[in-house]
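Protein sequences, first through last, are from chains A and B.
Letter 227 of the first sequence, counting from 1, is numbered 227 in the working numbering, and no numbers are missing.
So the working numbering is basically just the index in the second sequence, starting at one, shifted up by 300.
Derived by calculation from the structure, the hints in this document are not laboratory data.
Among the hints, erroneous ones may be present.
As the list claims (entries may be wrong) - Simulated restraints on C-beta separations:
id	chain 1	residue 1	chain 2	residue 2	range
1	A	GLU229	B	GLU329	16 to 22 angstroms
2	A	GLY141	B	LYS302	31 to 37 angstroms
3	B	GLU452	A	ARG238	50 to 56 angstroms
4	A	ALA86	B	GLN397	36 to 42 angstroms
Cβ atoms here follow ideal geometry from the backbone N, Cα and C, with glycine treated the same way.
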Amino acid sequence: MQVPAQVEYEKASSVSHALSLLARYGPEARILAGGHSLIPMMKLRLAQPEVLVDVNGLADLRFIRVAGGELRIGTLTTHAQLLDSALAAGHFAILRDAERVIADPIVREWGTVGGSLCQADPSEDLSAAFAALKGTMIIAGPGGKREVSAREFHTGPYETVVGPVEMLTEVRLPVKAGAGTAYVKVSRRAGDWPVGAAGAALWLDRAGVITDAGIGLTALGAQHFVAAEAEDYLRGRRPGPEAFAEAGAIAAANCRPAADQRGPEDYKRHLAGELTRRALAVAARRAGWGEGTGLGERTP
Amino acid sequence: MKITMYVNGSEHARDVEPRMLLIHFIRDELGLTGSHWGCDTSNCGACVMWLDEVPVKSCTVLAVMADGRRVTTVEGLARGTRLDPVQQGFTACHGLQCGFCTPGMMMTARWLLDHNPAPTETDVREAISGQVCRCTGYQNIVKSVLWAAAHEGDA
Ligand SMILES: Cc1cc2nc3c(=O)[nH]c(=O)nc-3n(C[C@H](O)[C@H](O)[C@H](O)COP(=O)(O)OP(=O)(O)OC[C@H]3O[C@@H](n4cnc5c(N)ncnc54)[C@H](O)[C@@H]3O)c2cc1C
Ligand code: FES
Ligand code: FES
Chain A
1 MQVPAQVEYE
11 KASSVSHALS
21 LLARYGPEAR
31 ILAGGHSLIP
41 MMKLRLAQPE
51 VLVDVNGLAD
61 LRFIRVAGGE
71 LRIGTLTTHA
81 QLLDSALAAG
91 HFAILRDAER
101 VIADPIVREW
111 GTVGGSLCQA
121 DPSEDLSAAF
131 AALKGTMIIA
141 GPGGKREVSA
151 REFHTGPYET
161 VVGPVEMLTE
171 VRLPVKAGAG
181 TAYVKVSRRA
191 GDWPVGAAGA
201 ALWLDRAGVI
211 TDAGIGLTAL
221 GAQHFVAAEA
231 EDYLRGRRPG
241 PEAFAEAGAI
251 AAANCRPAAD
261 QRGPEDYKRH
271 LAGELTRRAL
281 AVAARRAGWG
291 EGTGLGERTP
Chain B
301 MKITMYVNGS
311 EHARDVEPRM
321 LLIHFIRDEL
331 GLTGSHWGCD
341 TSNCGACVMW
351 LDEVPVKSCT
361 VLAVMADGRR
371 VTTVEGLARG
381 TRLDPVQQGF
391 TACHGLQCGF
401 CTPGMMMTAR
411 WLLDHNPAPT
421 ETDVREAISG
431 QVCRCTGYQN
441 IVKSVLWAAA
451 HEGDA
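Bound-form chain A, shown alone (with noise of 0.2 angstroms):
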């Protein structure tokens, strides 16, 4: 039987009281948001705050809207808001491709997209996605409110730019025209952490050539969730089957898979490279290439 160690409880009525209470008692207190990865961590004793800062009630953290050139989204959005959001969809398919394979249907009515940005577990689905469309972080201090790029929110496994007494309130994600996006993940049963994923995001101009590139890798030992050399050689490209392939095999030769009872790492390896050439695939379908090619239709 599991049962998490004693510990206080606290409702956090707005973000500034949440951030009072965080201040009132000191590092050892933890936001508490859909708790689907905290509690768990809390039964094993991995976890073990003395305090948990409920924010469950601050409604106005839960929202998906479009302001100033940007996909916001509240933090306190839960996986299956995100997952049925025609406005997120719309703007970034890898977000709805992406939902549809983290946990289940009942974990996705509980877990957060803060939670699980700030969980910041390797194996996080969400943290790839948003460092593929190069988003940026807003996180809320005593201080008042700053900005942190996706790719430089995360430190670490399990550590984020986040304070003591921080709590991050919304990702925004630029909205560029010639976009096309795209995740795919594989995983040992449905429900599961991935054992790979890679997320995809093309910007492709008028004539066709690669303006940007974003890639995200999952569970695959990037820095920062970013096959950041796989980028650098897109850009000024055509898109293409060849380019695709050899991206992929430079975010393969780059990233750090780690073996583990999910799969050694030469299967990951693999599946980085794999991967991220299907992802950039699909993508570039949707940015509007290669109509009828067939390349990557088969692919999920």
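Chain A is fixed; fit chain B with the ligands onto it per the hints.
Showing chain B with the ligands alone in chain A's frame:
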């Protein structure tokens, strides 16, 4: 901490430790043992009940998180002596063997049908994809839910 919950329509007030999980509150404090406690790791779904109108794996939330809210368990599915169509479907289609997974499966099935009255087989399989039947009676569980969908309006 003092909490009040509305479980299957009745109000219950208790003083609980914040670390108490919802499944233990429902089973041990209220004696409603219909909801089962299985894997304890958020994977099997035997503990699924509703918090307000949303199913939750109740081994993965604290009882205090349900303070002031409505909880519905499998005991709350029937209307008096009239079984819910989902319960009738499990009876008609042999939807259970040992019955351990059944309460969670039924609560998820009811939620699915409330949102999607005419699900396809794929919809049903997707809905229960976070739940495990150790007797592996999935075929009949899916049939039971589809039976319920087809008989929803029957008197
Ligand atoms: C059975 C199961 C399967 C899963 N499968 C997958 C999967 O395939 N892919 C995947 O990506 N995820 C998976 N998950 C994880 C799921 O996505 C996360 O549990 C969930 O999104 C975390 O969000 P939460 O709201 O539950 O966070 P919580 O558990 O409440 O919090 C997690 C951490 O983030 C901190 N935190 C939360 N919100 C904030 C905030 N706004 N600001 C600062 N800190 C904050 C908390 O203090 C805590 O340290 C799975 C979970 C389960 C239980
Ligand atoms: S006991 Fe809760 S999911 Fe298995
Ligand atoms: S009927 Fe035995 S676990 Fe499903």
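Against the structure, the hints come out as follows:
Roughly 56 angstroms separates the CB atoms of A:GLU229 and B:GLU329, a value that falls outside the hinted 16 to 22 angstroms. About 32 angstroms separates the C-beta atoms of A:GLY141 and B:LYS302, a value consistent with the hinted range of 31 to 37 angstroms. At roughly 54 angstroms, the beta carbons of B:GLU452 and A:ARG238 sit within the given window of 50 to 56 angstroms. About 41 angstroms separates the C-beta atoms of A:ALA86 and B:GLN397, a value consistent with the hinted range of 36 to 42 angstroms.
When the structure is compared with the earlier hints, a violation turns up for hint 1 alone.
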